[in-house]
Amino acid sequence: MVKLKSILKWLFIGLILAFIYFPIVFLTINSFNESDIIQKWDGFSLDHYKYFFNFENEPIRVVGQTLLLAVVVAFLSTILGTIGAIGIFYSKKKTGKVLTEVNRLPVINADVVTAISFALLVSFLNIDKSTYIPLLLGQMLLCTPFVVLSIIPKLKQMDNNLYEAALDLGATPRKAMFSVLIPQILPGILSGFLLSLTLSLDDYVIAAYTKPDSFKTISTHIYGLDKNNVVGPKIKAAYWAFTAIIFFIIVLIVVISNVIAYKKTRSKKR
Amino acid sequence: MTETKQRLHFSRKLLAIPYALFLLAFVIAPLLIVLYYAFTDDSGKFTLYYMKMFFNESGEGLKGFFTSYNFKTIMRSLFISFMSTLVCLIIAYPVAYIIAHCKLKNKSTLLLLFIVPMWVNFVLRINALKELFVWLGTYNKSETWNVVNTIIGMVYDFLPFMILPIYTTIIKIDKSYLEAAKDLGATPAKAFLKVTLPLSKAGIVSGISMVFLPSMTNYVVSNYLTFRNVKIIGKLIDDYFTGDLWHDGSFIALILLLFMFLATWLTGGFEEDEQTNTRGTSLW
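So the protein sequences, as listed, match chains A and B. So in the working numbering, the last one in the first sequence is 270, and the numbering has no gaps at all. So in the working numbering, the last one in the second sequence is 554, and the numbering has no gaps at all.
Keep in mind the hints are simulated off the structure, nothing from the lab. For glycine and all other residues, C-beta sits at the position ideal for the given N, C-alpha and C. Possibly wrong hints are sitting among the right ones.
[Said to hold, decoys possible] For lysine-lysine, the following DSS-like pairs were computed, each having C-alpha atoms within a straight-line distance of at most 27 Å:
| # | chain 1 | residue 1 | chain 2 | residue 2 |
| --- | --- | --- | --- | --- |
| 1 | A | K154 | B | K471 |
| 2 | A | K216 | A | K236 |
| 3 | A | K5 | B | K460 |
| 4 | B | K373 | A | K129 |
| 5 | A | K50 | A | K227 |
| 6 | B | K471 | B | K501 |
| 7 | B | K471 | A | K97 |
| 8 | B | K377 | A | K211 |
| 9 | B | K373 | A | K9 |
| 10 | B | K452 | B | K464 |
| 11 | A | K9 | B | K471 |
| 12 | B | K373 | A | K264 |
| 13 | B | K377 | B | K445 |
| 14 | A | K154 | B | K283 |
| 15 | A | K264 | B | K442 |
[Said to hold, decoys possible] A few chain A residues facing chain B, derived, Cβ under 7 Å:
| # | residue |
| --- | --- |
| 16 | I16 |
| 17 | I86 |
| 18 | L120 |
| 19 | D202 |
| 20 | F248 |
[Stated by the list, open to error] What follows is a set of in silico ranges between Cβ atoms, one per label pair, in the way DEER data are often shown:
| # | chain 1 | residue 1 | chain 2 | residue 2 | range |
| --- | --- | --- | --- | --- | --- |
| 21 | A | D42 | B | G334 | 48 to 56 Å |
| 22 | A | F22 | B | L469 | 31 to 39 Å |
| 23 | A | F124 | B | L532 | 22 to 30 Å |
| 24 | B | L532 | A | A165 | 45 to 53 Å |
| 25 | B | L463 | A | L67 | 46 to 54 Å |
| 26 | B | D444 | A | K5 | 18 to 26 Å |
| 27 | A | K40 | B | L302 | 52 to 60 Å |
| 28 | B | T512 | A | F22 | 27 to 35 Å |
| 29 | A | K93 | B | I298 | 16 to 24 Å |
| 30 | A | F44 | B | F352 | 40 to 48 Å |
| 31 | B | L463 | A | A165 | 17 to 25 Å |
| 32 | B | K452 | A | G224 | 55 to 63 Å |
Make the full structure from the sequences, and use the hints.
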């Protein structure tokens with residue numbers, strides 16, 4: 001009876017994992033298909049990969065600029081979010097509470113509403129989209145609240161006496177900030193940065209409303225192919241290859257981090 | 271000494287100012303502009319025209335509203351969103367529970383397997399799902415299939431957001447509560463209903479709030495998986511804005527905002543455990 005229950009449990013977990021991974025694995029298999037039509041298997045080939053890695057073609061350039069945008073946005077959001085989190089944490093209780101609540105608005109609000117309201121502001125202030133400023137600010141608006149949310153718990157856990165001790169021992173406030181306070185909340189800052197990266201990479205709707213017309217991100221490019229019914233089978237198939245590549249990289253990261261963790265626990269036991 | 275301390279305190283507090291200005295300029299101000307556009311016409315004069323247009327599209331009064339395009343779209347969105355949230359919950363709770371209670375040493379690795387797909391761009395993932403539907407022959411097959419595929423897509427996209435907060439609350443539950451329940455003669459089912467379920471409520475609520483609104487508005491999923499044949503409220507807003515009908519679009523955005531405030535109010539206000547609601551920051 002107990003055994004049956006346990007089998008059922010793992011069967012369930014397996015089924016859900018299959019649901020999550022099957023589409024990606026399916027696409028990975030098809031990325032090696034010579035044909036660019038899913039229903040037709042024309043034999044194994046690396047054509048889609050060759051097309052993807054050719055810099056004369058659009059996909060790899062779009063991937064590159066999306067990554068660059070994500071790094072810039074994550075960097076700026078992390079700085080602003082760190083400053084904001086420290087500020088909120090040390091401000092008066094009432095001010096802090098109001099700021100925390102306003103900070104939660106973009107988190108729980110629907111992306112479309114955030115995007116169109118921000119786009120309205122951009123047109124209201126007559127900011128030129130081709131300056132990239134609306135795109136940067138818009139994505140920062142998406143990411144920074146999450147940075148703040150990931151740092152504040154670390155500030156709460158922090159030992160405040162260390163900061164005071166540093167000051168008593170003659171450190172300037174700036175020095176105490178950078179060599180005592182920041183190191184203590186560094187894990188929160190790092191996770192905020194990583195989260196910002198994934199949020200920016202994942203964003204469609206903010207970018208769609210704020211980007212310069214000629215600029216494309218991965219999301220807007222693929223969605224645009226589908227939306228305008230542009231039959232770009234080559235481009236589409238190149239993105240299958242790209243999906244497979246990310247999938248491989250992620251699997252690799254997970255495996256490596258597990259091996260490291262496993263070795264650590266083993267060496268500890270000895 | 272006290273003087274320097276006070277000054278320092280002051281200086282750290284000052285750090286809140288740039289972020290407060292950022293929030294004011296890019297969160298509060300845009301929402302006020304939406305409000306402004308919803309109730310003014312092109313010349314900037316106050317008007318209830320767009321509200322009337324929304325409720326009385328057909329010109330038959332409120333009776334016509336219930337058969338209007340807008341109303342049907344909202345009901346369709348609510349249905350898709352409700353079903354997606356329900357399916358997510360039915361899948362996510364057992365998954366989170368099994369992982370949290372399993373005897374494996376590396377629970378986080380198992381959890382990671384459910385979270386990792388989030389690192390693949392969601393349009394790429396939805397594209398994968400679409401190609402699968404094409405292969406299976408259910409892509410744009412019929413109206414029912416389109417709705418079913420949309421719901422599958424939403425679940426596929428948002429499932430991690432439901433698993434994570436539920437997992438974090440279940441793993442935090444003090445095991446001695448369950449032991450106490452057992453010692454006092456509760457059956458496992460009863461212990462679950464009386465201990466685990468109530469104590470994981472916060473996770474369920476925050477999971478629902480992470481899934482419900484996005485699956486009403488993420489029109490990339492519904493458009494992509496149905497050859498643009500299933501229209502949800504997010505797409506409605508997008509259509510108005512891309513069609514330069516900003517006032518109509520703003521009014522519908524306002525209704526979505528009301529939905530959001532209503533949902534937050536129903537689920538216990540803005541003050542939730544920050545840890546459970548941050549798209550898995552605790553994982554890194």
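Exercise for review: Please flag the earlier hints that this structure goes against, numbers listed from lowest up.
Suggested key: 4, 6, 8, 20, 31
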